[in-house]
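Asks: The chain contents come next:
2 protein chains.
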Amino acid sequence: MSPFVEKIRQACQTCQSLLCVGLDPDPTLLPVPDVSRFNRAIIEATAESACAYKPNLAFYEALGPTGLSALKQTIAHIRQTAPEALIIGDAKRGDIGPSARAYAKAMFEVWGFDAITVNAWGGADSVEPFLENESRGVFVWCRGSNPGSGDFQDLETSGESTAPLYQQMALACSRWNTRGNVGLVVGATVPEQLAAVRRLCPAMPLLVPGVGAQGGELKSAVRAAVDPVGRLALINSSRGIIYASPGANYAAAAAAAARQLRDSINATLAEDGQGWPSS
Amino acid sequence: MSPFVEKIRQACQTCQSLLCVGLDPDPTLLPVPDVSRFNRAIIEATAESACAYKPNLAFYEALGPTGLSALKQTIAHIRQTAPEALIIGDAKRGDIGPSARAYAKAMFEVWGFDAITVNAWGGADSVEPFLENESRGVFVWCRGSNPGSGDFQDLETSGESTAPLYQQMALACSRWNTRGNVGLVVGATVPEQLAAVRRLCPAMPLLVPGVGAQGGELKSAVRAAVDPVGRLALINSSRGIIYASPGANYAAAAAAAARQLRDSINATLAEDGQGWPSS
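Quick mapping for you: the protein sequence lines, in order, are chains S and U.
At the far end of the first sequence sits residue 923, using this note's numbering, and the numbering has no gaps.
At the far end of the second sequence sits residue 923, using this note's numbering, and the numbering has no gaps.
Treat the hints loosely; a few may be bogus.
Because identical chains cannot be distinguished in the list, a pair is counted as satisfied if it fits within a single copy or across any two copies.
Below, in silico cross-link-like pairs of lysine to aspartate or glutamate (EDC-like), each with a Cα-Cα straight-line distance of 20 Å or less [unchecked claim]:
1) K863 x D907
2) K749 x D678
3) K749 x D907
4) K749 x D670
Keep in mind the hints are simulated off the structure, nothing from the lab.
With the rest of the complex left out, here is chain S (with noise of 0.2 Å):
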């Protein structure tokens, strides 16, 4: 097992959670004003239940330095707090050469990401410079969770084979993965088309978007995200979690917000014999 893939094991098991809580700082519904002390405080109530967090970096640029600092604070406080869980900087970038190769600088050792969302339009040297070091890893974006995804990921595709463009990309991720720490991005919100990922790439960690708090997909989702034996998905909810109320007792509803998730996530991984061994 690649020492990715390994730390995403770790991490989920630890907290017996394949639950990915997303920290989207929206000024408009901020039920603070301070950024780093509202993510102390999500992180603090959904520690026992998040196996990863995802900061999306755009929240934190639009916020200017601020909100940098900010995100510096948040990783920080994501690594004391829960050391075992994997921070994801969700941060879909994707450039040439030399450009790649110093976003990875910026993610990777500037940052601090275990794992960062990469877009890959630009092909294989796009993506190549963030695997270099195999104990850090992306989810190449495949498949997204929103209406506009379907533009160009769904188009039928003929190269050499034919398929629709998400199919491409995921087999040309499958192709990439030499060490081990690639893994997929696809939405909730698109069933099948996570299903036919899944089949082509059996193996690979899957980051999953868009699932609410509730929702009568999420079963589905799970049993289509997951690996035959249960793990190796990442459902990730980020709004029906951070911004579960907009009142003084945010903290606490995050919390009962995040656990409520994850225990529905494992009823249905129950329901198919891939339970977490009790401890």
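Mind docking chain U on chain S? Use the hints.
Replies: This is chain U only, laid out in the frame that chain S set:
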């Protein structure tokens, strides 16, 4: 003419140039350690020859807070030294919904770029938030100059029509261009694709990376890139100009390289009867 296209035309007219200078501070190549000082010298040396500057954010992010501070100073210095020049943030951002809106805020409001490069893998709703302010624009990454860009961008696709993926991207951008503030990035290293995109989008601005300070293909790239009257193509050179000399004379060398490239581009325009009116 849209405010964005008018701004490009004005920037080009002012210095009678289609040259964009890429400001990519690579620590392994910098002749002086201070990025802000280096960029300042480069900007002063090239202001008479360049209609646009294109800092690639990867290089600044890789340097941490110092790099971001240098980028801020660089933008201010361009505004002061070359007030008509277009400042293009080469960010290749792309994300969905609220995240794309946050990136638009970061790029146009926090940094204050006139235009940015965008990665449209996520489709219409990943681009739309960048287009809301018609005086700011985007250059969508259509067909790259790197070898890997062929991996997906050249795949044959069958959507409404059968075409290579980069052409589907060009056509989609053309549809999204309701405010006249969408352009495309197409590499000079792929003259056939460049010509095809120009045929599909005769009136859209193109940003063309991949030309060196010399190179026999410059002439054909310029001819393929410009609009029917010899305008609306920004021909970018980064390393060929800013690292023209590794020594203390780097600014003078950059000035000479920029002048030479601008003049070569203009010679091609003049040969085709599309030269600048004498002032």
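Asks: Would you list, in rising numerical order, the hints stated earlier that this structure does not obey?
Replies: Those not satisfied come down to hint 3.
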